[in-house]
Amino acid sequence: MKKQKNPYKLTALPAWAATLALLAWLVYDGAVKSGYSWEWSRIPAFFFDADKGELGPLTLGLGLTFQITFWSLLITFGLGLFIALARLAGGTVLSALARIYLEVIRNTPLLVQILVMYSVVGEIFSLSRFWAAVLAVSFFEAAYLSEIIRSGILAVGEGQWQAAWCLGLSTPDTFRRVILPQTGPMLLPPLCSLVISLIKDSALVSVIGVYELTKAARSLIAKTYLALELWLTIAVVYLLINLAVSELGAFLERRLGASGRAGRFL
Amino acid sequence: MTGGDFISVERIYKTYDSGLAALKGVSLTVRRGETLVIVGPSGSGKSTLLRCLCGLEEIDAGAVVIDGQVVSGDARLRDKMRPELGLVFQSFNLFPHLTVMENITLAPVRVRRVKAAEAEKAAGRLLEKVGLADKAGARPAQLSGGQQQRVAIARALAMNPRVMLFDEVTSALDPEMIGEVLAVMKDLAAEGLTMVVVTHEMGFAREVGEAVVFMDGGEVVERAAPAARFFDQPATDRARQFLEKIF
Chain H
1 MKKQKNPYKL TALPAWAATL ALLAWLVYDG AVKSGYSWEW SRIPAFFFDA
51 DKGELGPLTL GLGLTFQITF WSLLITFGLG LFIALARLAG GTVLSALARI
101 YLEVIRNTPL LVQILVMYSV VGEIFSLSRF WAAVLAVSFF EAAYLSEIIR
151 SGILAVGEGQ WQAAWCLGLS TPDTFRRVIL PQTGPMLLPP LCSLVISLIK
201 DSALVSVIGV YELTKAARSL IAKTYLALEL WLTIAVVYLL INLAVSELGA
251 FLERRLGASG RAGRFL
Chain R
267 MTGGDFISVE RIYKTYDSGL AALKGVSLTV RRGETLVIVG PSGSGKSTLL
317 RCLCGLEEID AGAVVIDGQV VSGDARLRDK MRPELGLVFQ SFNLFPHLTV
367 MENITLAPVR VRRVKAAEAE KAAGRLLEKV GLADKAGARP AQLSGGQQQR
417 VAIARALAMN PRVMLFDEVT SALDPEMIGE VLAVMKDLAA EGLTMVVVTH
467 EMGFAREVGE AVVFMDGGEV VERAAPAARF FDQPATDRAR QFLEKIF
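Protein chains in written order, with this note's numbering: chain H, 1 to 266; chain R, 267 to 513.
Derived from the structure by calculation, the hints contain no laboratory data.
Every residue gets a Cβ at the ideal spot worked out from N, C-alpha and C, and that includes glycine.
Watch out, some of these pointers could steer you wrong.
One side of the interface only, derived from the structure: several residues of chain R facing chain H at Cβ under 7 Å [unchecked claim]: (1) 279; (2) 320; (3) 349; (4) 357; (5) 363.
In silico negatives: residues of chain H with every beta carbon more than 12 Å from chain R [unchecked claim]: (6) 35; (7) 40; (8) 127; (9) 173; (10) 208.
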């Protein structure tokens, strides 16, 4: 079948190039008009110091950002699934607790949660800065994830539950074998957004002195005053990481055949 | 082979949360090996009755007795009895992410703890029986409605239930597919499986039903055996009016 071309759709590459060029020009023009003098040449050394032959603070910070992301994702998925299932067990103490958790976490700023986790919870359980950061980010994202998972579970038709029930399947088996496999493909786009949010939100843990990417950039700015260069640099780093996550998500969607269903009609 | 009562329903009541009184003191019995057909106008409570039998719906009053045990109101016993009643739905309710083979073997392996290889062998025989031996690897979405419903029957049979409940299983099918599903059910009835069949297929009811229960307005109006007697000489005016509207 011949593919119909949408005249308003730009092919990907020129669209990206045009957008990025516009952005670059805006930043450049803004800086010129405010009399900013660029010193881009100093930036590469912050990633890798060729003279000393060692990794620079930005690379080390990036490494820590990856570590925070890795552990937070693990905890977020476990906790988010648990909260979602607890919420679904309607009318129980567990579901009430899950609801309270959700509302408290979702309706207070992450920044405050990080500070509380570090200076209150962290003190009590003598958590390191790193683990206080990981737990704060995990608890925050898990609240959102639980709602994503819950909506996915609710989207599976009642008939599936009834069929599983009539066959005698246990509740755990019903979830594991029947319900969750059906929610997976549906949840990919919001899950992808969640992972991206988590990576960006991890920047906030810089307030408790965890030297991840953003904190590394901030302390470099304090030393070198290269504010615009450094902020733009880490913005690009975050952008590249998250584009990779987006692409991975899109790839999985294609693999699971979840995308392209509506495309024909648009 | 017919024996004593396998299921006995004693004056059960069911009112939905919406306030709709679906069952108003229904009593009936199903004998071992019997094919009982339940007919009646839409909204007469036929489907609700089936769903109360297998425990999908809780009853408000009365008792459901299966194999001599009162299962209503006893969650433990109810759970133990679940695999013994095979329900086939109007809307098939196959698991769309699983293949036909996986749909059939899931419950035997997980609930009855049958070995996977054995379950597959048994599933293969069942697929042959419903005429779909070549579809083991297909997904439900690749099958026609009639084929899906036959898989659903095979899936329920795979648990070796002691009674099969059919809830308007041909109502969602295109006309040309109704016959293939009814044929499978006819075979099962001939094998002496205990069956309760809610249906609008009066030809099938007449031919296969060893007994007929006519429901209307949440009540059992009439019971007749053999089924032909109900269709030839209905004993009540309500049944007569119902049959007149159909034929």
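*asked:* Hints numbered earlier in the text: which of these fail when held up against the supplied structure?
replied: Result: hints 1, 9 break, sorted rising.
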